[in-house]
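Number of protein chains: 2
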Amino acid sequence: LGRYVSGIKEGHIIPGAKMRLLTPATTIGVLDAANGLGQVAGDMAIHWAIQTAKQHGLAVVTVKNSNHYGIAGYYAEQAVAQNLVAISLTNSAPLVVPTNGADVLLGTNPIAFAAPAGKHPAFLLDMATSVVPRGKLEVYDRNRREMPGGWAVDEHGYDCKNAGQVLKNLIERTGGGILPLGGRGELFSGYKGYGLALMVDILCGVLSGSAYGADVDDVHRASEGGEKRFPNVGHFFLVMDPSRFMPLEEFKDRMDDLIASLKNSRKALDQHTIFVHGEKEFAKAAVHREVGVPLSEVVTAALRKLAQGVSVEMPPFVASGVCRRDNAKIASED
Amino acid sequence: LGRYVSGIKEGHIIPGAKMRLLTPATTIGVLDAANGLGQVAGDMAIHWAIQTAKQHGLAVVTVKNSNHYGIAGYYAEQAVAQNLVAISLTNSAPLVVPTNGADVLLGTNPIAFAAPAGKHPAFLLDMATSVVPRGKLEVYDRNRREMPGGWAVDEHGYDCKNAGQVLKNLIERTGGGILPLGGRGELFSGYKGYGLALMVDILCGVLSGSAYGADVDDVHRASEGGEKRFPNVGHFFLVMDPSRFMPLEEFKDRMDDLIASLKNSRKALDQHTIFVHGEKEFAKAAVHREVGVPLSEVVTAALRKLAQGVSVEMPPFVASGVCRRDNAKIASED
Numbered sequence: 001l002g003r004y005v006s007g008i009k010e011g012h013i014i015p016g017a018k019m020r021l022l023t024p025a026t027t028i029g030v031l032d033a034a035n036g037l038g039q040v041a042g043d044m045a046i047h048w049a050i051q052t053a054k055q056h057g058l059a060v061v062t063v064k065n066s067n068h069y070g071i072a073g074y075y076a077e078q079a080v081a082q083n084l085v086a087i088s089l090t091n092s093a094p095l096v097v098p099t100n101g102a103d104v105l106l107g108t109n110p111i112a113f114a115a116p117a118g119k120h121p122a123f124l125l126d127m128a129t130s131v132v133p134r135g136k137l138e139v140y141d142r143n144r145r146e147m148p149g150g151w152a153v154d155e156h157g158y159d160c161k162n163a164g165q166v167l168k169n170l171i172e173r174t175g176g177g178i179l180p181l182g183g184r185g186e187l188f189s190g191y192k193g194y195g196l197a198l199m200v201d202i203l204c205g206v207l208s209g210s211a212y213g214a215d216v217d218d219v220h221r222a223s224e225g226g227e228k229r230f231p232n233v234g235h236f237f238l239v240m241d242p243s244r245f246m247p248l249e250e251f252k253d254r255m256d257d258l259i260a261s262l263k264n265s266r267k268a269l270d271q272h273t274i275f276v277h278g279e280k281e282f283a284k285a286a287v288h289r290e291v292g293v294p295l296s297e298v299v300t301a302a303l304r305k306l307a308q309g310v311s312v313e314m315p316p317f318v319a320s321g322v323c324r325r326d327n328a329k330i331a332s333e334d
Numbered sequence: 001l002g003r004y005v006s007g008i009k010e011g012h013i014i015p016g017a018k019m020r021l022l023t024p025a026t027t028i029g030v031l032d033a034a035n036g037l038g039q040v041a042g043d044m045a046i047h048w049a050i051q052t053a054k055q056h057g058l059a060v061v062t063v064k065n066s067n068h069y070g071i072a073g074y075y076a077e078q079a080v081a082q083n084l085v086a087i088s089l090t091n092s093a094p095l096v097v098p099t100n101g102a103d104v105l106l107g108t109n110p111i112a113f114a115a116p117a118g119k120h121p122a123f124l125l126d127m128a129t130s131v132v133p134r135g136k137l138e139v140y141d142r143n144r145r146e147m148p149g150g151w152a153v154d155e156h157g158y159d160c161k162n163a164g165q166v167l168k169n170l171i172e173r174t175g176g177g178i179l180p181l182g183g184r185g186e187l188f189s190g191y192k193g194y195g196l197a198l199m200v201d202i203l204c205g206v207l208s209g210s211a212y213g214a215d216v217d218d219v220h221r222a223s224e225g226g227e228k229r230f231p232n233v234g235h236f237f238l239v240m241d242p243s244r245f246m247p248l249e250e251f252k253d254r255m256d257d258l259i260a261s262l263k264n265s266r267k268a269l270d271q272h273t274i275f276v277h278g279e280k281e282f283a284k285a286a287v288h289r290e291v292g293v294p295l296s297e298v299v300t301a302a303l304r305k306l307a308q309g310v311s312v313e314m315p316p317f318v319a320s321g322v323c324r325r326d327n328a329k330i331a332s333e334d
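So the protein lines, in turn, are chains A and B.
Heads up: the first sequence begins at 1 in the working numbering, then just goes up one per residue.
Heads up: the second sequence begins at 1 in the working numbering, then just goes up one per residue.
The set of hints was computed from the structure by calculation and includes no laboratory data.
C-beta: ideal position from N, C-alpha, C; glycine also.
Be aware that a few hints might be false.
Where chain A lies over chain B, by a calculated footprint (3+ residues, C-beta under 8 angstroms) [said to hold, decoys possible]:
hint	region
1	98–105
2	119–127
3	183–193
Next comes chain A alone, as it looks inside the complex:
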């Protein structure tokens, strides 16, 4: 939330921006988000794609001149709720070093993919194409723990286990950053994560008309020449109607069968459960819907400060430490 508030204050995000959707072909949409909120742009784009896929079976929509759009999977989930299959991609601020490189040129560029199932919750993959997110480095830094090799590199492009150093380098732009999925070099196929990050950037940045590579969502770097620049983030959505391929119930039965075959398959001796993507998160969401969303003191304090900064009153059910209308307390925090 903080990044959106400061984005609006600093003028990088324009609330109420007039967004414009062009349709150069029946099943293709091109949205100019006019530097508005990424969530508003993402919502507009996925809704158009959902309606178009319902009518024509298939839709692709790109978004340019946007901002950070939040959770990639959120948009794919909206399509799944309408019994559609969806891909949601976005590029993002540079944090990732290409294979053999020493400078960040790619974002954590996530891939979200969702498909509806029947008895089982929907399949919902939502993954950064980096080996770990920035937040993981921050946790290791706070706890002063050494990172495993293969997560990040220093300013020379060498493997670096010091999270604090990598984060400092990222802030000061002295080189180094997070590694793509597969780690450094070729041993664990880091060029695959690097390739996936590039694929996302080609679809979200190059194809949409947005910024790409090191220029995405990096207003400070981009404005160094004195010219005012916007984050210019790009998104890409693909929506398909499985009922054009086979009866919807058959598709869902087949999804259930695939999921069950994974869930029921033999576990590693030290493991109890094979998970399918989205399963843990849907289970957690169900609990939180029941008992409320636990908010740590740190989060509540940050929200209060943000609210005060923009003269908004905090609703009592947020201020209490548990985000639930009837204010029930729960023991565990996450």
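Given the coordinates of chain A, assemble chain B onto it according to the supplied hints.
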């Protein structure tokens, strides 16, 4: 080549099968490959998608009842040659263990993605979603080298560095197999490679009407009940026309700019070159087109044996050890 010849001999591949393409929507194709050659099915599908994308900007086509279709990137390359952007996916025989699992339930399920550039060669990513291909284990086994941890698991689902043991287990179906991209467990995000493999299987297997999971291309296992089964491999192709999004030259210029920014960026101190996907392969192809394709004695002998088995005469330029019509000799072999 051997697998196709034996597939035809054993009746799992039907040469000359009558394939049937349905179009449930203007931009959606559904091909029934009728257990014919995967290459023939793949070609038919991508050609339909290319023509459709040229006409309508976008096309998706699924293929069911197919066989191993060779190189995923080959089909994406055909679209790129027509200035289109393409994704090519296929599921494949089970070799990969899901995160926390001990049995193979997924293929190496590759993702190929290609986009045309201008001055630079096209971007062409073609990657298995496993951490390494089976061939890598075979090399380590032949050389009696210990594999790094994180490539494969034994029959208990534990990390295994003995390539021979993993390969033996795979053949004898006693459990274990190759790990998804990201390795075992959560430390290097193996659930991401597992999720990508599942995404490919949902699009190629579930959505197409083909086999999925452990049933793909596994005629022996599938026929254990006595019933004759076909490999029933599935493919998925997506083709888009970038000229619907912006003028083609602008798209290519932007691709060139992104590629140049990667090529020109700072290298790790121990590296000389940052590669872009496809670059190495296009350079090698150009050399081989000039001097011929070097064939090792082992490959030539295998081809000769295959040819004799089906009473086909080997052309002299293949038999010579270098596959070139004018029969020039070259020094290096690969």
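- Task: Check each numbered hint from earlier against the structure, then list the numbers of those it violates in ascending order.
- Result: none
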